[in-house]
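Q: Protein sequence lines, in the order shown, are assigned to chains V and C. Here the numbering used here runs 194 ahead of the position in the first sequence, where the first position is 1. Here the numbering used here runs 194 ahead of the position in the second sequence, where the first position is 1.
Among these hints, one or two may not hold up.
Below are the DSBU-like pairs computed for lysine-lysine, each with C-alpha atoms no more than 35 Å apart in a straight line [claimed, not checked]:
hint, chain 1, residue 1, chain 2, residue 2
1, C, K241, C, K518
2, V, K241, C, K326
3, V, K326, C, K518
4, V, K326, V, K518
Hints are computed from structural coordinates only; laboratory data are not their basis. This one's a predicted model, so the numbers in the text were calculated from it and none came from an experiment.
Protein chains: 2
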Amino acid sequence: MRVTLRDVAQLAGVSPATVSLVLNERSEGRVSEELAARVRNAAATLKYRPNLLARSLRTQETRTFGLISRDIATTPFAGAMLAGAQHIAWQRNSLLLFVNSDGDLDHERTEVASLIQRQVDGFMLGAMYHQKVEIPENLQDQRLVLLDCVDGAGRYDSVVPDEYQGAHDAVALLVSMGHRRIAHVTTTDQTIAATERLRAYRDVLQAAGLGNEMVVRCEGGEAQGGFAAMQQILRGPALPTAIFCYTDRMAMGVMDAAREAGLRIPADLSIMGFDNQPYLADAMRPALTTINLPHYEMGVWAASRLIPHSDSQDSEPAGPTQVKAHCAVVMRDSVAPPGT
Amino acid sequence: MRVTLRDVAQLAGVSPATVSLVLNERSEGRVSEELAARVRNAAATLKYRPNLLARSLRTQETRTFGLISRDIATTPFAGAMLAGAQHIAWQRNSLLLFVNSDGDLDHERTEVASLIQRQVDGFMLGAMYHQKVEIPENLQDQRLVLLDCVDGAGRYDSVVPDEYQGAHDAVALLVSMGHRRIAHVTTTDQTIAATERLRAYRDVLQAAGLGNEMVVRCEGGEAQGGFAAMQQILRGPALPTAIFCYTDRMAMGVMDAAREAGLRIPADLSIMGFDNQPYLADAMRPALTTINLPHYEMGVWAASRLIPHSDSQDSEPAGPTQVKAHCAVVMRDSVAPPGT
DNA sequence: TACAGTTCGTCAAACGATTAACGTCAATCG
DNA sequence: CGATTGACGTTAATCGTTTGACGAACTGTA
């Protein structure tokens, strides 16, 4: 069977209490160094490992956190977020209890309940794209950090991508390369990402004194939409020299349509994506210049915020903090100065 | 504070034991229905929820399973696997403790230890592509199911995609459509997937009496490799009418090269992928006909196998079972009979 | 001798459940 | 009438730790 504190105590010829003290390094001045060594030896020869269930029951701390993901299966980004969070949890020797709610709030409520029953020390609620979320009531008075989403009231810590900054950098880059006619292909969906990216696009154009904005909207943020949008642009009077796309997937459609029309990329047309979607942006031909969505880093931030360092004892900063994570340009081959 | 069994007992005016019996429906013939109702009432008004830590300590069962993923971040398939496993865990009201080892066996060992200390009821070890894996020693005598991988000795339950069957169906489909010159673009890597898919390709050609096999290998299973391979094929004497690609990513490169050469797809050339990679295969133009890798279903199978039904009491089937999951054809637009 | 101070460990009560084994009381039986 | 049975609950041990409170043995001091 499993070896317990008792077994170690027996082998070392002491009481369980002593073993506990020694092994937890609380024996300072209460147990002679000699005896402590004997205890440590006994523990080692028996390969004793404390039962964390029992410990948690006593200490009221499980070093376990609930990670609720809303529909993980449908996005290629989820893995990175999980990995980031997991990495930090691991560093702080904690573990992540992972559940996946399919966006069903009722379902989610029972999942939360189940996690609470297991006495988790806190929660992360992760969405799969930047959005505003409802928090189930039974989660509201728990320690909670939001990942890739925000709550309406701003009551919780949260981290989301800085859509505006990313889009701003993207368009500014095009401008700085000399592009004057820059189109924006986006979706009709009212997502935060779409809104913010559009806003940044407009601001940059404005600031650069480029009045002739060209915004083309299509349903869905997918390749088909991008294809349709590009066709529409091709029918227009004046072709842009660069297109800033809402997503890499739309960029893919745009690129296909442009190519079918005989345009060379980036010589005739520069294409800028957004998302840096794994296995897509780098696989396209030419490889897509785009803006990175820092999922791993967001996972890291959320977990760091949720799980206190065991060494640094200083309490957490006052009040909830909303962080926007920096979105960096990823230079590849689909963007160049016009006419090169 | 949290409400405990004791509190309920007090409110109902009975002993904790009685409450436990009633709430666990073991009170049959030991507690009057009247009293039982009172207890249930008390529990309800206090919103009592058992502390699962305490219960687990007593019952030696945590209803918690360790899910170890090897490098989740780098693949778009991981989410589906997790979701599948999670779904079953949920059904059996269990939870998944998720850890991610970066392929570092030492690291993994300590993670396993940490899970064991938390008294998990079993483990799933998930790889991110079909491969043979090393099992850390401290995992070897645990209840374990392998997901998307196998161990050398076949000592554990495992589920992997049926590469051979999938590839067989793929090539057979091309043949049945009337293709006679079918090439296979693959990698130089010695993965199980590459080997099996190639073997199936050869077998089908053989069986169909098509002697002229064309296998082109490139380094890496990525788009660039596919592009290079297609260029090589274009330089050859006789063009194939269809190409079976090792992965969707290679297919993407193949398609790009074919298009640059002025070939129409599928009219001049049919392209068959493998993997049904989310957000890629369906986004290509034309959308890629390919073979699905059933990650969700594999997750489901692994979890079902690991976590016994609480109702059906029959013990598990004897001996470890190695399952190959069926890989279905996904019909899209990149494949058609030759010359249409 | 008596008393206070150290030093070194142990006792025993938690933490919050589960569950054999055991009362108690009333009704029933021979 | 004494013994048996059944119905209804409770007692107390247990799961494996942690930890405040206590105690014994020894040293030094007046």
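Q: Against each hint, give a clear statement of whether it holds in the structure.
A: Hints, one by one, checked against the model:
1. C:K241 to C:K518: Judged against 35 Å, a Cα distance of about 46 Å means the pair is violated.
2. V:K241 to C:K326: holds, 30 Å
3. V:K326 to C:K518: violated, 41 Å
4. V:K326 to V:K518: holds, 14 Å
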